[in-house]
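Participant: The residues making up each chain are set out below.
2 protein chains.
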Amino acid sequence: MTQHQTADITQAVLDRLTPETDPRFREIITAVVKHVHALVREVDLQPGEWMQAIQFLTRVGQTCDDKRQEFILLSDTLGISMLVVQMEQARRSAQALKDKSASVKPTEATVQGPFYWQGAPALPLGSDIGQGMPGEPAYYSGRVTDTHGQALANVCVDVWSGDGEGIYDMQMQDAGMRLRARFHTDAQGRYDFWSIKPFYYPVPADGPVGDMLRAMGRHPNRPGHIHMMVYRDGYVPLTTHLFPADSPYLDSDAVFGVRDSLVVPFEKHAPGAAPRGKTMDQTWHSASYDFALAPA
Amino acid sequence: MTQHQTADITQAVLDRLTPETDPRFREIITAVVKHVHALVREVDLQPGEWMQAIQFLTRVGQTCDDKRQEFILLSDTLGISMLVVQMEQARRSAQALKDKSASVKPTEATVQGPFYWQGAPALPLGSDIGQGMPGEPAYYSGRVTDTHGQALANVCVDVWSGDGEGIYDMQMQDAGMRLRARFHTDAQGRYDFWSIKPFYYPVPADGPVGDMLRAMGRHPNRPGHIHMMVYRDGYVPLTTHLFPADSPYLDSDAVFGVRDSLVVPFEKHAPGAAPRGKTMDQTWHSASYDFALAPA
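In the order they appear, the protein sequences are chains A and B. The opening residue of the first sequence carries number 1 in the numbering used here; numbering runs sequentially from there. The opening residue of the second sequence carries number 1 in the numbering used here; numbering runs sequentially from there.
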């Protein structure tokens with residue numbers, strides 16, 4: 001008897017795994033096969049629907065290029081990325097909690113998103129990366145500490161955001177770096193820089209993921225946010241955002257990335273004297289946030 | 001409170017579905033979200049593993065072009081395609097069994113595979129589509145009936161296969177049609193044609209699915225088979241294969257497509273007189289198979 005029955009095709013696939021298979025890969029691929037087969041049975045998937053799924057996934061792959069990652073977007077919009085982030089956060093917090101003398105919780109993480117660009121320029125503290133870009137100026141400042149509240153010097157604070165209309169440099173025609181920089185904390189763990197106040201924006205909705213969101217009846221918008229990657233040897237690297245507290249869509253982020261602890265009031269200031277010796281001729285904002293890194 | 005917890009992110013995603021969502025799409029996407037989230041939790045997926053999965057799926061999509069469908073291959077090699085086929089077969093058989101006067105079971109289906117090419121030439125019965133191609137000649141004949149054993153005239157028997165080395169025309173350089181044709185049954189429901197005896201071959205293993213198979217410790221081979229799509233108005237279209245009974249890999253088809261009822265003895269004949277007025281100067285084979293179509 002060479003054939004399997006409908007009832008045992010799942011086991012037939014799993015039985016093909018040979019003993020040499022890497023144990024962790026075996027664990028993951030076994031769960032993939034079981035869940036996808038269970039899904040097909042549960043919804044009684046029709047051949048035409050299967051073909052639609054194949055065509056959808058193919059389009060997702062073919063929409064990816066070196067500036068656009070539609071599979072990450074698919075994962076983001078189905079809450080998968082954020083689930084992975086939160087599970088990692090839970091592991092990290094559990095580790096940090098083992099240290100009974102710790103007094104500060106590690107800062108919460110959120111999704112990295114598709115617009116991180118490695119190698120942003122390293123700039124002096126206080127630099128303005130928003131100059132000349134659309135948007136209202138904002139001054140960011142705060143400290144980076146460990147979970148005992150001790151200042152951490154020379155921590156890299158790698159920041160990136162869209163402009164005041166929610167457009168990232170990677171989405172612009174000339175494709176040079178904009179609104180990105182790496183800053184390093186001073187001896188007191190302090191960082192500060194000028195940029196713009198981030199604006200809400202839609203995730204790219206002209207591809208297959210956009211079609212999926214429309215079929216689900218969902219809007220594609222993310223609340224305004226500035227991305228931060230905060231890292232130094234000896235500490236768990238942190239990838240997170242800060243969200244202005246008055247942004248629309250905080251309660252319906254298209255990628256499920258909002259954490260209450262990352263929602264920050266942006267104070268509004270009239271034109272005039274401003275930090276770092278600036279004199280502003282327009283309304284500007286300030287936001288203050290302290291980060292805490294867990295030990296590696 | 002705008003944020004969800006790890007425990008409720010799955011529900012948060014499902015809660016975004018609006019009432020206007022098409023009910024069937026809602027059912028499928030709900031199952032997709034639940035199963036993918038459950039999978040991530042079950043294996044405690046690490047961020048690095050998530051990124052590997054994203055990169056794998058992206059490569060699968062980018063390997064697809066108008067001649068290669070790597071997502072179908074992924075579905076095939078994980079037994080998903082065959083599961084969908086078997087569920088459809090089970091529905092069809094259940095329908096056919098309602099007719100208590102039926103005396104013949106509908107022919108079993110199997111996977112379509114990635115090499116179907118619509119619009120193969122319509123040729124007269126008895127034509128030879130294997131001439132000039134590598135491989136041992138084979139004469140195919142049989143009848144197409146309904147489930148009462150009544151002959152069905154003018155049924156299209158759309159056949160395709162690789163050559164005697166397992167290579168399909170779509171994989172060849174010049175990319176013209178080879179070893180494909182559409183035949184139509186005569187008034188007695190009969191079909192016959194000459195082609196080659198199909199040979200076992202590996203599914204394309206130079207892409208991401210090949211990497212996956214190697215990681216699973218699996219060979220990429222399919223037993224020899226000739227594809228048949230058999231269809232006429234008023235009947236459920238049948239997509240199936242015939243497998244030579246002496247082929248290697250019948251017990252470990254890389255795409256789980258073998259059904260015992262589709263394994264056919266290929267009779268071996270010495271050179272000399274052969275059907276359709278041929279005189280063969282080499283060994284040739286004959287295979288006989290009757291198809292039964294379920295009413296639509």
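Quick caveat, the hints were computed from the structure, so don't treat them as lab data. Just so you know, not all the hints are guaranteed correct.
Reference excerpt, derived from the structure (chain A facing chain B, CB under 8 Å, subset only) [said to hold, decoys possible]:
no. : residue
1   : Thr10
2   : Asp22
3   : Phe25
4   : Gln62
5   : Ile80
6   : Leu152
Where a beta carbon is used, it is the ideal one built from N, C-alpha and C, also for glycine.
Participant: Can Ile80 of chain A be said to touch chain B, with a Cβ gap under 8 Å?
Facilitator: At about 6 Å, which falls below the 8 Å cut-off, the nearest Cβ of chain B leaves the hint on Ile80 of chain A intact, so it holds.
Participant: Should the interface hint for Thr10 of chain A be scored as holding, given a Cβ-Cβ cut-off of 8 Å against chain B?
Facilitator: holds, 7 Å
Participant: Grab the minimum C-beta distance from Gln62 of chain A to chain B and call the hint holds if it beats 8 Å, violated otherwise.
Facilitator: holds, 5 Å
Participant: A closest beta-carbon separation below 8 Å is what the hint needs, so does Asp22 of chain A meet it against chain B?
Facilitator: holds, 7 Å
Participant: Quick one, is the Leu152 of chain A hint okay against chain B at 8 Å, beta carbons?
Facilitator: violated, 22 Å
Participant: With a cut-off of 8 Å on the beta carbons, see whether Phe25 of chain A makes it to chain B.
Facilitator: OK, holds: Phe25 of chain A within 8 Å of chain B, min 6 Å.
Consistency with the previously given hints fails for number 6 only.
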